[in-house]
Every structure is written in C-alpha cells, then in structure tokens.
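Novice: Two independent chains are provided; combine them into the complex using the hints.
Residue numbers (our numbering), protein chains in the order written: chain A, 9 to 472; chain B, 20 to 247.
What the hints contain is simulated information worked out from the structure, not anything from laboratory work.
Be careful, since some hints might not be right.
Taking CB as the label site, the calculated pair distances span [unchecked claim]:
1. 443(A) x 217(B): 53 to 63 Å
2. 157(B) x 444(A): 48 to 58 Å
3. 202(B) x 389(A): 50 to 60 Å
A virtual CB, placed ideally from N, CA and C, is assigned to each residue, including glycine.
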Amino acid sequence: MGQKAEVIARLFYPRAVAVIGVTASPERVGYNLLESIVSAGFKGRIYPVHPRLETLAGLPVYRSLEEVPGPVDLAVVGVNQLAALEVVEECGRKGVKGVVLVAGGFKETGPQGEALEKRLVEVARRYGMEVVGPNTLGLLNTHAGLNATFYPLGELPRGSASFITQSGGVGLAILQKARDEGLGIGKWVGVGNRSTLEPADYLEYLAQDESTSVIGLFLEGTEDAGRLARVAGKVARQKPVVVYKVGRSGRADFAALTHTGSMAGSYRMYRQIFGEQFGLLMVENTLAMVAACKALALAPRPAGNGVGVVTHTAGPSIVFLDEVAMGGGVFPAFAPETMEKIKGILGENPPVVLKNPLDAAGQGMQAATFGRLLEAVAQDPGVNLLAAIFCQHRHWRCPTPEILAVRERYGKPVVALYIAALDEVRPERDILQGRGVPVYLTPEEASWGATALIHYALRRGEGE
Amino acid sequence: MVAGEIVAAARREGRRILCEDEAKEVLRRAGVPVVPCRLAASEDEAVALAEEMGYPVVLKVRSPLIVHKTEAGGVALDLRGEAEVRRAYRGILSRAAALDPRALVSVQPMAPPGREVIVGVTGDPHFGPVIMAGLGGVLAEILEDVSFRLLPVAREEAVRMLRSLRGYRLLAGYRGVPPADIEALADLLVKVSGLMEAHPEIGELDLNPVLVYERGLVVADARLVLAG
Numbered sequence: 009m010g011q012k013a014e015v016i017a018r019l020f021y022p023r024a025v026a027v028i029g030v031t032a033s034p035e036r037v038g039y040n041l042l043e044s045i046v047s048a049g050f051k052g053r054i055y056p057v058h059p060r061l062e063t064l065a066g067l068p069v070y071r072s073l074e075e076v077p078g079p080v081d082l083a084v085v086g087v088n089q090l091a092a093l094e095v096v097e098e099c100g101r102k103g104v105k106g107v108v109l110v111a112g113g114f115k116e117t118g119p120q121g122e123a124l125e126k127r128l129v130e131v132a133r134r135y136g137m138e139v140v141g142p143n144t145l146g147l148l149n150t151h152a153g154l155n156a157t158f159y160p161l162g163e164l165p166r167g168s169a170s171f172i173t174q175s176g177g178v179g180l181a182i183l184q185k186a187r188d189e190g191l192g193i194g195k196w197v198g199v200g201n202r203s204t205l206e207p208a209d210y211l212e213y214l215a216q217d218e219s220t221s222v223i224g225l226f227l228e229g230t231e232d233a234g235r236l237a238r239v240a241g242k243v244a245r246q247k248p249v250v251v252y253k254v255g256r257s258g259r260a261d262f263a264a265l266t267h268t269g270s271m272a273g274s275y276r277m278y279r280q281i282f283g284e285q286f287g288l289l290m291v292e293n294t295l296a297m298v299a300a301c302k303a304l305a306l307a308p309r310p311a312g313n314g315v316g317v318v319t320h321t322a323g324p325s326i327v328f329l330d331e332v333a334m335g336g337g338v339f340p341a342f343a344p345e346t347m348e349k350i351k352g353i354l355g356e357n358p359p360v361v362l363k364n365p366l367d368a369a370g371q372g373m374q375a376a377t378f379g380r381l382l383e384a385v386a387q388d389p390g391v392n393l394l395a396a397i398f399c400q401h402r403h404w405r406c407p408t409p410e411i412l413a414v415r416e417r418y419g420k421p422v423v424a425l426y427i428a429a430l431d432e433v434r435p436e437r438d439i440l441q442g443r444g445v446p447v448y449l450t451p452e453e454a455s456w457g458a459t460a461l462i463h464y465a466l467r468r469g470e471g472e
Numbered sequence: 020m021v022a023g024e025i026v027a028a029a030r031r032e033g034r035r036i037l038c039e040d041e042a043k044e045v046l047r048r049a050g051v052p053v054v055p056c057r058l059a060a061s062e063d064e065a066v067a068l069a070e071e072m073g074y075p076v077v078l079k080v081r082s083p084l085i086v087h088k089t090e091a092g093g094v095a096l097d098l099r100g101e102a103e104v105r106r107a108y109r110g111i112l113s114r115a116a117a118l119d120p121r122a123l124v125s126v127q128p129m130a131p132p133g134r135e136v137i138v139g140v141t142g143d144p145h146f147g148p149v150i151m152a153g154l155g156g157v158l159a160e161i162l163e164d165v166s167f168r169l170l171p172v173a174r175e176e177a178v179r180m181l182r183s184l185r186g187y188r189l190l191a192g193y194r195g196v197p198p199a200d201i202e203a204l205a206d207l208l209v210k211v212s213g214l215m216e217a218h219p220e221i222g223e224l225d226l227n228p229v230l231v232y233e234r235g236l237v238v239a240d241a242r243l244v245l246a247g
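Just chain B, with the same shape it has in the complex (with noise of 0.2 Å):
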C-alpha cells in the first residue's frame, strides 16, 4: 500500500491519527529506515513472530484511541523469551481494555542503543508546517535543545539545522566517543521534508526516538496525524 493509500483508508475510518505500524510503512515507503512493527491477533501470534524477528523483543499496544502508549502502560520492553512475550501480552490488553476493548498488540524488535533523536512536523499557527530536531530522551524535555525550519528543507539546511542544536557535539564525538551518522540524519531531515511536500495532508509528525548510530539510523517509534 503507498502513503496516499494508507492515509485514505484512515480518512475513510474517521481516524486523524494512523497508528505506529502505519506510520512506520508511511516513512518506509519514503526511504526511512524503521524498526520493523507487526501486529499479533493472538498471544500466540505474538510468540511466533517473536521467535521469527529473534530475540529481545518489544511488544507494544496498538489502538488509534491510544496515542501515549508508555503511558497507557501499553509498551513491554527488551523482552528475552517466550514466558515474557506471553505476560507482556496479557498485562497490556487489560491494561487498554478500558481504554479500547479492540486494541491489538504489535511485535518489534529491540532495537541496539544508539544516541536518541527526536525528529518532527508540526502545524505552527503562525508559520504552517515547521521541521524539527532536537536531542532525544532527558536532554530534549529539561533542556528543550531542539532546532526548528520552516518546510522544505535542503540538504544543507538540515546540517545547519542540526549544528545549531547546543548538544550538537553529542552527535559530532567527544571525549573518544565516535561520531554519530550526521549524514544519515540530514537525509532522514530531507525525507522527512519530501514526504511532508508530497503529503500536505499530514498534519503532524513524531519520530521518537530515532536512534543513531555510527553507521545508519534507525525509526523506534512513530506517530503520524493527518492535518485537521
């Protein structure tokens, strides 16, 4: 299914917010690298793709009434083994019971640690859509280190984007510590920015966290919203 396509059929259901898995196939579709997400009908659906991706495992809630799945109680991760998988699949469809009686579960694997990113659209009352990036996790929320451009944005933008974050040489090395891959989060910046000119009827857009790594990128997590 291309983008266009997946978010039709959100419009068609009355949804404005995609879920994680559909997303993610809207960023893959553009060029992003995402963590892949599948959805289990079953607990043992659930152990069958574990056992397929390998483990550690994440197991996630998956429910367009769920937007803050953490939360919610909605996300088990670095699960090792079956047992695990099994009780993180019971605990989250009670905890969303409540919230969403037909919330399913979707399967990803853990992805390795790598330095957290936070990348972003959002509809500014004053400017229309703006990009955004800033430094993941703890460093984005106490020292709100994020950089902001008006779409689209050019290759050459989106490096100066990212060196006039305060954190920069958390990504650029220090202290011995290797180099993030600058090069491949300007081109998730510049997809980013195409996916947005070719789908104006995104609204909103959240990767969160994207880990870098020193080689590569990679999408965790991902919320889309269709503009209003």
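In isolation and in its complexed conformation, chain A is listed as follows (with noise of 0.2 Å):
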C-alpha cells in the first residue's frame, strides 16, 4: 500500500476520532458531526472537543485536543475557515493522521481563499497530515460503523459499492438513490476541494479495500484528471469502476493559441480518455450511476455479451433492447433447441412470434409459464445474460423463485425488471437481491444494470 493509502485506510478505519468544533445547537455544523457519529454506532473513542461545555450526547467533552488522553487518528473539524489553520496546527502536534475540514471560503471562493488553502496545505505537509476537503461532507464506511458526515444518516445498509465524489450533494443522491434500491453502501468520500487527496489517491486505497466490489466515481473535473484516467484504468482491471461526469453543455476555457486548444471541449475529452481510451464505464445521471453500481456489487460478470430476453408485455422489452444495444449487448436469435423448448412449451402455434426478446403475452404472465420460458432461454448457448421483464399484478405473482432457481441452477447472470410501485414488490425484490439477481422498476435503469455487466465482460482500454 502507498502512504497515502495507508493514511487514507486509517481514516476509514480510526481507532479514536476527535471532533472539534462540537455545539450543543442541533442547528450548527458541529453538533451534527457529532451525532451523525455516534448514530452510526461507530465503536471506536470519541472524543468531542470545546473549551466550555462539559458533556455531549453521553460523552465528555474535552477542553482541546491537547487534554484528549489517547491517540487520535481522525479528526472530524466543525470551525469556520478562519479558524481552521490553527485546529489543523492543534491537529498536527497531537500526531493525528488525517483531518475532515467540512468548512467552504477556500480555493473555491477566489484568490484570498486560495491563499488560505495553501497554507492549510503547508500545516497538512509539515506534520505529515491528509486533508478530506475542505469545503467537504466528509466520508462514510458502513464496515466501520463511521459517518464522519454532518449529515446523521443513521445506520445505513451495508454492502460492497463504494463511492468517490466531487460533489456532497450528488454524493448524497446517490447514497439515497441506492438506499431505495437496496444498494449496500461500503464507503463513501466527499473530495472537496482536494487540498491534499485528488480523486486518484482514494481510488488507489479502494482498489485493494477487500470490503469494496465496484466503485462509483462523480466527478466535476480535476488537474489530476490524467492521472485519474491512468489510475482507474488499472483498478477497472480488479474491480469494476463507474464514471459519471458532470458537464455536457459545457465548454472548458482554454487559452490555446493553437487551432487544437481551441477545440478541445473538456465533458467530451473525459468522455473519450475516460470510456473509450481507459474502457472504463461512463453514465450520464445517478439513476445509472446507481443501477450500474447494484447490478454490478450483485451479480456476477456474464461470459460475454448475448442477451436473452423474457416477457409478457413487448414495450419494456423495446426500451431495454434499445438502452442495452447502445451499449455493446446483443440480443442473439435463439438456437433451434432453444425454439423447440419454447414451442413444447406454448404450443406449436401461439398467438405470439417466437424470437428473443421473448413476448409470451397472457401466457408469460404466469409464474410457472414465465420460469420454464427463462429456463429454456438460459440454456441457449448465445445467451450470456438473461433479463427478466415481469409486471407486477394483484392477482398473478411475480415469478421470484422461478428466477431464483434458473440463476441458481444455470448460474448466468439474472437482471430482473419488475415494473411495479417499490411497496408492492419491495419484500420480493429483497429476496432477488439477497441471492445475486438485481431488480428494478423501470427498464432504462434494468438496461443500465445490463449495460454495466455486458461493459465489464467485454472491456476493453489500455487498462484492461
């Protein structure tokens, strides 16, 4: 492990946090950087810092971080940003390895805030210090039982998708996004200004994090970008990685004197370094961020990129093909073995035109019809992943354990769309998710968890 690395595990991971600016008015920054600390159950010390107050939420308050007894590996900083170069200082003599500096009015605001953050950088480099920020959320890890946030989110699901982003809160729409979906969260980091870490630093850490499965990447744009590209490049190849990248109207301001400079439009360079040099996954909203990164954290890798379709109603069938297709996925004739089970299995001549994507109409409408129809296109040898589109009906069920058992027994990967409100299949689609089979309401978010899968078997880049 790099030293960055090791220092940003030891964030994620801090035996002792300190948190340093705490008030007793819930609606001030500190108060809830403490709560949302202590509401996520982190089992760790903490010790909240204030020269007056005595005790908070439970907990002694110390009169500065000077009279904390232990070690301290986070500190968790509230204080404005006039105050934060000396609580950085404070911070460096007591050895703590790596700050969260939540307050804004730095590089951000204009030169005199940039003069500011350099000087915080200087402290952070004489003691040996990172900076998460500033102008910050901060970051989250589930397995640690962390929210080193001034968002209290209570306890979170856990799980395996990790998210890097630029932005607090879109990084807070997707949190919320994947809550909804059932999504686990692993770890989670608002970069800030990137005083010290650039996006590329807690990628590297999250490449060999064992507890993280894919990552997902929001970015507005860094100077480090170059090397971002080359880094995600090379993590893609151990874990998946999903880029979504601000900035499609935009034009970047180059002050090139040549012809090239004053082409050169940034949102479509990343998109090409990124996608088509690096292969890594882009997606254009949180919906796909979300759906690529659920699909990806629970199903496995298809063996290539075949789709076989099931169904009952043609139009989401249209609308998956259509997002999947853009996306490199095929939807292969089916083998003649494959039409003869199909046939055995509607009849020789149903009212219904037998090619993938497969319409049963009223017939796939029953569960039992619907799971032999799935068993016999998952044996079709052009068929690497199957989706299965079903609509949730008072009085007909959804085919759960059907598709449980084709996932279990065929072992290809199962993308399941259930168009339904999330109440009424909410308790179905927790099964599904629970044995490796990702559900979801709409087909564009289905083609987008298709597209993810279908990306990372087939990748290609200079990182692959």
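Specialist: See the structure below:
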C-alpha cells in the first residue's frame, strides 16, 4: 500500500475520532458532526472538543485536543475557515493522521481563499497529515460504523459499493438512491477541494480495499484527470469503476494559441479518455450510476454480451433492448433447440412471435410458464445474460422463485425488471437481491444495470 | 539540426512559437512526411526556388509574430508561374510589414489534394498533454468531429482513435471512393506521440492540414508552440 493509501485506510478505520468545533445547538454543523458519528454506531473512541462544554451526547467533552487522553487517528473539524488553520496545526502537534475539514471559504471562493488553502496544505504537509476537503461533506464507512459527515443518516445498509464524489449533494443523491434501491454501501467520500487528496488517491485505496467490490466516481473536473484516468483504468482490471462526469453542455475555457486548443471540449475529452481509451463505464446521471453499481455489486459478470429476454409485455423489452444495444449488448436469435423447448411450453402455434426478446403475452403472466421459458432461454448457447421482465399484478404472482431457480441452476447472471410500485414488490426484490439478482422498477434502470455487466464482460482499453 | 537544437535556438531568442519551416524540420526529423518549406531572402530567390521545385507552388509569410497566416493575408496558393510568384511575394510582404517588418517568405510545392485531417497536441488544463485527430477543414469546424487521447498512444489505440470519429467512413471509403491510407495516419499519430515523449518541452503542436492519400500522407502546414 502506498503512503497516502495507508493514511486513507486509517481515516476510514480510525481507532479514535476527535470532533472539533462541537456545539450544543442542533442547527450547527459541529453538533451534527457529533450526532452523525454517535448515531452510526461507531465502536472506536469519540472525543468531542470544546473549550467550555462539559458533556455532549452523553460523552465527556475535552477543552482542547491536547487534553484528549489517547492518540487520535481522525479529527472531524466543524470550525469555519478562519479558525481552521489553527485547529489543523493543533491536530498536527497531536499526531492526528488526517482531518475532515467541512468548512468552505477556501480555493472555491477566489484568490483570498486560495491563499488560505495553500497555507492549510503547508501545515498538513509539515505534519505529514492528509486533509479530506476542505469544503466537503466528509466521509463514511459502514464497515466501521463511521459517519464522519454532518448529515446524521442513521445506520446505512452495509454493502460493497463505494463512492468517491466531487460533490456532497450529488454524493447524497447517490447514497439515498442506493438506499432506496437496496444497494449496500461500503465507503463514501466527498473529496471537496482536493487540497491534499485527489480522487485518484482514494481510488488507489479502494482498489485494494477488500470490502469494496465496485467503485462509483462522480466528477466535476480535476487538474489530476490524466493520472485519474490511468489509475482508474488500472483499478478496473481488479474491480469495476463507474464514472459519472457532469458538464455535457459546458465548454472548457482554453487559453490556447493553436486551433487544436481552441476546439478542445472538456466533457468530450473526459468521455473519450475515460470511456474509449481506458475502457471505463461512463454513465450520464445519478440513477444510472446507482443502477450500474447495483448490478456490478450483486451479479456475476456474464461470459459475453449475448442477452436473452423473457417477458409478457413488448414495450419495456424494446426500451431495454434499445439501451442495452447502445452499450454493446446483442440479442441473438435463439438456437433451434431453444425454439423447440419454447414451442414445447407455449404450443406449436401460439398467438405470439417466437423470437428474442421473447414476449409470451398472456401465457407469460403465469409465473410457472414464465419460469419454464426463462429456463429454456438460459440454456441457449448464445445467451450470456438473462433479463426477466414482468409487470407486478395483484392476482398473478411474480416469478421470484422461478428466477432464483434459473439463476442458481445455470449460473448466468439475471437482471429482473419488476414493473411495480416499490412498496408492492419490496419483499420480492429483497429476496432476489439477497441472492444475486438485481431488481429494477423501470426499463431504463434495468438496461443500465445490464449494460454495466456487459461492459465489464467486454471491456477494452488501455487498462485492460 | 536535431529537434532539440531547433527548440533551444527558439528559446534563446525568447520565442515560444516556432515558424512553419522550423516546426516542419522538427517533424521531418521525427520521420513525419512534410511538404518542404524553404525560405526566400529575396524575390529572385523565391522565383529560383519555385523553378527548382516546379509549379504550382505556395508562398507563405514567415514570421514568429504572425501565427494566423491566412488571416494576415500571408498565404498565396497554386501559383503557376514566375509573374504570379513575384506578385505574391510583394503582396505578402507588404501586408505583413505592419505586423512584422522583418517577415520573410517561404516557398513550398503545392501538394496535390487529399483527404484533409487535423492532428494536434494540446496541453489540457485537466489532462495535461493530449493528442487530437479530426477530419479537417469545414468538417472539423462545423461538426467538431475530433477524437482525443491521453499521451502516449500506441498503434492500436491510434487506430481506435480514428475509428471513433463519426466521419470515419470518409477515410475508410464510401460509395466507390477508395479508402485513404489509415495505416499511414495511425503511424503519424504514433510518431507525434513519440515526439512528445522525447521532447516534453513541446507544449502544443498543430498539423493542419494533413493530406491523406490512397497511399501515404503529407503534412502541408504545421505549428509548434513551446511549453510556457
């Protein structure tokens, strides 16, 4: 592990956390930093620091960091930008490994803030400390019961999807959507102003973090993009990386003398370099980010890009096919043996067209028939990934046990699309997802999940 | 003179922009085919060079102060005889006088038309040096059909880069138009990549246009800016 990665590991798994700038007022950041840490169930030591308070959240408060009795790995700092430098200096003297600095008012505000941030970095370097932020929401690690953000979120579902985000707000949107999708979170970090730690540094750490199986990266832009692309390309050899880069409409401002420079477009450059050159999966919104990470976290990689679809309703399978085909999936014609099996199930002349996607109409609404069709398609040699598309109905049950049986018997990944209100299918979804079948409620999300699996089955690029 | 010496000479003169003849010399040394570009110290010398090269020829202004030659009225194409060369020579220098009284004129053979491609390297504020390839002329400007890669690029990546252009078929052949020499173009990208690796002091490079033929290609104009 590199030196930075070792420190980052310590920040995600601190033995002791000091919270500096705590207050007794729930509307203040300092209060929420402490509540987040306490309410997430952190098992290490927690040291609130405040010059006058005696106790907070049932914990003794220390007058200064110096008075804290034991070593501190992580200091979560809620003071403003003007007080921050002195606090970081104290952290350095105490031997703290790293600081989460939530305050804004640094580089993002102009030359004065930039000068302040430069001094901050100097202090951190002097003591060999790393800074998460400034101007960040903080970081989370469900595997350590650690929520070092000022958003008390309670206990999050634990899992293996980890996120690096250049925006706290978008990061929260991903986190909350993941929660709704039943996708367990591993680690999460808002990189803020990237003062001493770049997204590439966190990525290098997560690459070798055993509890992370897929990494989502939300980017606004970084001067470290070249290294980030190389690192991400390399990391994706071990575990999938999903990249969401914002800025489709933007035009980067290049002060270039040449024609080449004047035509450069930043979003396009990110897309081409991350996506085409380094073979990373690029997504275009938060929903696609979560859908892709869910499939990659839950389902095995298909052996190829052949997709077989079973449904009782054509439209969603067409939407699904359209999206998946754009992402490199193919929908091969079924083999003659498969056709024989399907005819054996539906009859010689059923009132449907027998092709892939297989729309069995009325007969497909019966879970048992649906299951037999899915089983027939699963045995087709051209099919590497199955999509089961079913509209939830009050009187016809979902083919959940049938899907599970096929998934387990044939070993091929299955993506399920249950068109329903979440409340109606939540128990079925949780059963399926608990056994490696991602479930989606819309055809687009199902297609983004399937595309992610296919992408990392086919991956081409320099990091290959 | 090797590439490093040309660059060092420009630096000594406090210049960041290399003139076309210098940029082309750097490229030629890197094994890139270029349209020869020779300096004429006088009108008579321009005529002599044109006669030696054979008509038609092109005359261009040569000044480190004039980056956009066409806009400055500093390019005369397809000159077919002595009289045209003399007229163009005087015209170019008189238009350049206000911008750079010490401007010179270069003489080059008129390259036969081919499929126009742009190849360049730019220092991107986020990625650092990136290489760009795109279809040239009007297509590049209107459709912005260009493809970027982080340097260095190996041959396989260079080919992928060209294939990812929307207008790739204009190179690969269509409706009976034979394919352009895509292999030669991929070679060019790899050579430019190698040149950048060998000379990190190069900040930006612009080969525009590159004329790609059914067999081979040639760089018709080139600009090189040293890293700041």
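Novice: Each hint: holds or not?
Specialist: Here is what the structure says about each hint:
no., hint, verdict
1, 443(A) x 217(B): 53 to 63 Å, "56 Å, holds"
2, 157(B) x 444(A): 48 to 58 Å, "53 Å, holds"
3, 202(B) x 389(A): 50 to 60 Å, "37 Å, violated"
Consistency note: the structure conflicts with earlier hint 3 alone.
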